[in-house]
Amino acid sequence: MSAPVLSVRNLRTHFFTRAGVVKAVDGVSFDLSAGEIMGLVGESGSGKTVTGFSLLGLIDEPGRIVEGSIKLNGVELTSLPDAELRARRGKDISMIFQDPIATLNPMLTIGQQMKLAIDAHERLGKRAAEARAAELLTQVGIPSAVARLRSYPHEFSGGMRQRVAIAIALLHRPAVIVADEPTTALDVSIQAQILFQMRDLANETGTALIWISHDLAVVSSLAKKLAVMYAGRIVEQGPTAALLRDPRHPYTAGLIASLPAMATPGTPLVQIPGTTPSLLSLPTGCPFAPRCELATSDCNTEPEITFVGDRGWRCFHPVSHARELTT
Amino acid sequence: MLGFIIQRILQAVGVMIVMSVIVFFGVYAIGNPIDIVIPPEATVEIREEAIQRLGLDRPLYEQYLIFVSNLLRGDLGRSFVYNIPVLELIGGRLPATLELVLISVVSATVIGVTLGIYAGYRPDSWIAKTIMAVSVLGFSVPSFWVGLILILTFAVNLGWLPAGGRGDTVQIAGLDWSFPTIDGLSHIVLPAVNLALFKLAMMIRLARAGTREIMLTDTIKFARAAGLSEGTILRRHLLKLISIPIITVFGLELGSTLAFAVVTETIFSWPGVGKLIIDSIAVLDRPVMVAYLILVAFLFVTINFVIDLVFALIDPRVRRGMSA
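Protein chains in written order, with the numbering used here: chain F, 1 to 327; chain E, 328 to 651.
Think of the hints as simulated: they come from the structure by calculation, not from any bench.
Using N, Cα and C, we set each Cβ at its ideal position, and we do this for glycine too.
Be aware that a few hints might be false.
[As the list claims (entries may be wrong)] Below, a sample of chain F positions facing chain E; criterion: calculated Cβ distance under 7 Å:
id, residue
1, Leu56
2, Leu58
3, Arg86
4, Arg89
5, Gly90
6, Ser94
7, Met95
8, Phe97
9, Ala102
10, Thr103
11, Met107
12, Leu116
13, Ala117
14, His121
Build out the structure end to end from the sequences listed, making use of the hints.
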């Protein structure tokens, strides 16, 4: 495998709130090669989105990256001054958000917004900028792109708006795009279209993609590898196929077992017992232990990540077969 | 768009008609001006003659119709007290109010929005906290008191600025203006500051609230993720997104201040229209009161109309609502 374009090591992003320190991201490590798609899966509040924002250096007060390293094309991002970080955002790494209605500015035309994103990194003439913008709109599947540059966001459907957002993210051919649940707010049919279009674009342009989602089913059809997050940690990571077939972490196993596709028709869906712990008062040791059937006294200390080949998990008692948990 | 404009103009005409009825009959109900116009020792003949000359002997609806038909010909009647055309009377006073109010409302908006955006952008800095403290003062300290303190400080104790009057004026388009002369400007400063303080406080609060809200939205996060600099984000994204409530309040403040800058005009003996209306109410100068209130209604209708057009200009969603 070629050298990774993005290499994250032991990333910790904490929020220093009045109620205490929220360890939203607490030890995340992964590598991403050019053109690779990685799914980042977890429940709400597991730290997926904060991980994404950390990569772009967009953590708002009172949060801050307290530890760890993010190397993009070999450059350490965590120690870069703000101005240089800004110069890389949108150019080398960009991000797409969940709700396309909220991301675009309703009072500026698509063309104006794309021009702003171009101007942030390049001096292009008006004509050249328009041509670039239209080219990208065409690429993401927006018909009569030149005319559409004069349209406002409200004149587009949700799916079309998300395509515009994707086009803006692709403007400078970044090495990495963080896609934060970009299809969650869309119709299922549009979801599939955008999903596969993103996959093709990643293939064509060599852009690596981090696909953040709470929906294991959606991600697994797209991503070559998966990372499962729980309470700010990646609890299991590895190639998608192997991870789905043979999950090691009990949480991953539980997630897979609870997929509707796994259920026998007519029987209730399998659930993981309990709820996600508050990040303000995590149990000592393995944060999943209180919900885990396999937990023992060992689990009162936190397991480090164990790597076997290209797979890794944080568990003292890895399951060897998913079916064991599905009762 | 044209349909929208026509519709709004018709609405405006409707408002004006209703206003003229309310004002005319309302003012009529206040009292009989004849007792003030005619000296008490006047004979019955003189009294009858005056009543007839002023048209006060006719039925009320007839008086109203005469008033309206005169109004449509641009004749707002003659002042009972000054015995000159009302329009001339108001026209002579209007520039004073206009320049004072425009200077104070515009500068309050520009400065207030700038400070407010800063306070919303860096809410935890001590500068932001100072700005907010000033805005609380601006809200809570009564305007007449601030006016007196300003005079006491800058006119009486320091002697830097004049305490009242308009100073030197220049004739432009047949009207007297103070702002083009240095002396005139120095006379404007204190009353303008006095008028601006409350509006400044309000603009700070509006801009700060808008900024705090908008800066947390995905629109701003997405712009940052695309690598836009903070300056560009504030200028190109934020300013437009917070502009709607600010423009609304700007229009309302402009209208109400033009009409009712009475307190400040009185304190600084500024010969504007606010003082005129108070004086004419005191002596029941009916034509002046009616004309003034009609003009104020017209002013508000016009300002609201212009603001609607400005909304359409800056917000494409409003434009769409208009053509629909």
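The hints, checked one at a time:
no. : hint   : verdict
1   : Leu56  : 6 Å, holds
2   : Leu58  : 6 Å, holds
3   : Arg86  : 6 Å, holds
4   : Arg89  : 4 Å, holds
5   : Gly90  : 3 Å, holds
6   : Ser94  : 6 Å, holds
7   : Met95  : 4 Å, holds
8   : Phe97  : 5 Å, holds
9   : Ala102 : 4 Å, holds
10  : Thr103 : 4 Å, holds
11  : Met107 : 5 Å, holds
12  : Leu116 : 6 Å, holds
13  : Ala117 : 4 Å, holds
14  : His121 : 6 Å, holds
Figure legend: structure checked against the earlier numbered hints; every hint is met.
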